[in-house]
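Enquirer: Take a look at the letters that make up each chain.
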Amino acid sequence: MAKKRKMLLVKGNEAIAMGAIEAGCRFYFGYPITPQNDIPEYLSAHLPAVGGTFIQAESEIASINMLLGAGATGARAMTSSSSPGISLKQEGLSYMAGSEIPGVVVNMSRSGPGLGGIHPSQGDYFQATRGGGHGDYRTIVLAPDSIQECYELTMSAFDLADKYRNPVVILGDAILGNMKESLDPKPYRPKKIKKEWALTGAEGRPPRFLKSLYLSDGELTKHNWKLYKKYQSMDREVRWQDLALEGSKLVLVAFGSMARVLKSTVAMARQEGLKVGLIRPITLYPFPKDMIRRTSEKTRHFLTMELNTGQMVEDVRLAVKPGTKVDFFGVPPGYIPSPDELLREIKKVYLQKK
Amino acid sequence: MSVPVEKLKAKLVFREERCKGCGLCVLTCPRKILAISDRLNNQGYPVAELTDPDRCNGCALCAEMCPDIVIEVWK
Amino acid sequence: MQQVFKRPEALHDVPFHFCGGCHHGIIHRLVGEAIDEYGLREKTIGVASVGCSVFMYDYFNVDVVESPHGRASAVAVGVKRSRPEDFVFTYQGDGDLAAIGTSEIIHSANRGERITVIFVNNTVFGMTGGQMAPTTMLGQTTTTTPFGRDAQKNGFPIRMAELLAQLDGTAFSARVAVNKVKNLKQAKKALRLAFDAQIDGRGLGFVEFLSACPTNWKMTPEQANTRVEAEMIPCFPLGVFKDLVGGPAEASEE
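Chains as they are written, first to last, in this note's numbering: chain A, 1 to 354; chain B, 1 to 75; chain C, 1 to 254.
There's no promise every hint is true.
[What the hints assert, rightly or not] Anything over 12 angstroms on all C-beta distances counts as not near chain B; from chain C, calculated:
no. : residue
1   : Q131
2   : T145
3   : E162
4   : D196
5   : I233
[To be verified] Listed next, the in silico BS3-like pairs over lysine-lysine satisfying Cα-Cα at most 25 angstroms (straight line):
no. : chain 1 : residue 1 : chain 2 : residue 2
6   : C       : K6        : B       : K9
7   : B       : K32       : C       : K6
8   : A       : K325      : A       : K249
9   : C       : K43       : A       : K195
10  : A       : K321      : A       : K289
11  : A       : K263      : A       : K249
12  : C       : K180      : B       : K75
13  : C       : K182      : B       : K11
14  : B       : K7        : C       : K6
15  : A       : K211      : A       : K163
16  : C       : K185      : B       : K9
17  : A       : K191      : A       : K229
It is worth saying that the hints were derived from the structure and are not from the lab. Cβ coordinates follow ideal geometry from the N, Cα and C atoms, glycine included.
Could you build the full structure based on these sequences and the hints that come with them?
Expert: Here's what the structure looks like:
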């Protein structure tokens, strides 16, 4: 009989760090910033024990570039930060995408713009899902809504980064990072991924180089289309969760912590006889546009709810069948809405005259 | 200027297509036996040449100074 | 007859794109020769930077990764920590290392990272057309100091070799030139010590090469070469500013 795993009570930040080590991440480069400091602190204590390397770098910029370097040699490496620090990493992400170097970047979002605050927010949705830096590129974006997902999606992130030779972003927030929940520390199932492009010293083979600069006539055009096709192919990795869609008159769309609150809210709404359902995208890129489109054929009214002033709602509008009504309710950072408040807003929308 | 190869102390081979006529070799040569010629290579640069092959002793200082690795030296 | 001088194995047999009289070609060759001498060609990973030397991967016959502008030493840290058994070097100009990259080079040196950094100082931003660099000398005209560099408005030329020598993690720091054979031979010696700093695990090895830029200085190759001797060396003295490589083993070494 298999030995029963011990359940743990950990923060989201810790779960991410644990998932990384479990998935074979042996290099972490980061810089302190609230609300994600448990990640570098955990890894500074636990990476050496597995033969890993922890560097507290001089900046978020240095961190992303160290990630680029380690990734270039084929190693599994990670960096983490929060909103303003993620802004600093954008150039590095663009270079990694252009040179097709894998790596995992964790954003435990805080509020902006600018120094903003340390409240949780979902204001980095655009930054995460539209590449974030310059040029035509995308990163896969995974949005956990529980400590268990923090752990498991981190493990998936490394597989996806290696599979697509691309950076992968984990988009959490301050609540998720700092709350504690039980975690089942499932073992990682290693995937065999060959890295014939990795830099390991040109012994017995021609030298390799990893670059994003293409100056010859037509070269960069070709490269950009190649990358485009790669991003399109990521559609097969799409993931979402849905709740109570059957017979719904109004479908809520939300991700991360907002979706957590809404799971309770949907239950309350259904109890009051409101036919409300919920779609929770887990991959924000690729966005579950096909699934939303299909749902909008039957349910003609959507309400997107986010901790910002309106970002994911644009993707919902793009995805639904034309003529579908898409409303938005936003709570920019500063406080966390309660299920009661959200239920009031949902009722307003649900009951409005058509 | 034609001395049989066996009698030369050193032999220089110029990969003229790489020369940019910068003249650093001319400045460096201790015996002043290098000069920029009138001949242009495919890139349009006037190329360097050895004016007095039998006075070359293969010190290779010209080759060491050349930024384009134009000169190969045999001794 | 025996061949006594040829292109090193560590350099591909391709023409350089550098301007006539630019010293990059000489420096590339010295680095290539050192790689050959140490037998490192198959165990080297180079980190290219942004500037006239951006095409390093077309010239060095080794694995190379491109780095964003200024970040080469951070990228090199990622590479070296992942592949400690390989020889890792960066090749950076004065904009890359002394302007945008100062944070990364200082901290890489401060941590004593086992990498070798080749720094090419020609007192201007070359690739972008001759703007002021942190190393531009007082009074020097560039495209962004058309009236000459003025200490009041534009600050002073920065001396990286001396600056980095202050840091405990720097194992070797020197400034050299390649404008004449005597200097070139000293440069080669310094380069070997900077290689040793990494190979012996002593810390960061740094060599600053003074270099000519005829095009952006609006000079002939000969005039540019003379300027290195007559104007640059008085401002950026040649020499070794720190050497823990030749000396006795440090007791504090872990």
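Enquirer: If a hint holds in the structure, say so; if it does not, say that too.
Expert: Checked hints:
{"no.": "1", "hint": "Q131", "result": "23 angstroms, holds"}
{"no.": "2", "hint": "T145", "result": "26 angstroms, holds"}
{"no.": "3", "hint": "E162", "result": "27 angstroms, holds"}
{"no.": "4", "hint": "D196", "result": "22 angstroms, holds"}
{"no.": "5", "hint": "I233", "result": "17 angstroms, holds"}
{"no.": "6", "hint": "K6(C) to K9(B)", "result": "18 angstroms, holds"}
{"no.": "7", "hint": "K32(B) to K6(C)", "result": "22 angstroms, holds"}
{"no.": "8", "hint": "K325(A) to K249(A)", "result": "11 angstroms, holds"}
{"no.": "9", "hint": "K43(C) to K195(A)", "result": "18 angstroms, holds"}
{"no.": "10", "hint": "K321(A) to K289(A)", "result": "10 angstroms, holds"}
{"no.": "11", "hint": "K263(A) to K249(A)", "result": "17 angstroms, holds"}
{"no.": "12", "hint": "K180(C) to K75(B)", "result": "22 angstroms, holds"}
{"no.": "13", "hint": "K182(C) to K11(B)", "result": "23 angstroms, holds"}
{"no.": "14", "hint": "K7(B) to K6(C)", "result": "22 angstroms, holds"}
{"no.": "15", "hint": "K211(A) to K163(A)", "result": "19 angstroms, holds"}
{"no.": "16", "hint": "K185(C) to K9(B)", "result": "24 angstroms, holds"}
{"no.": "17", "hint": "K191(A) to K229(A)", "result": "23 angstroms, holds"}
Violation of the numbered hints given earlier is absent; every hint is satisfied by the structure.
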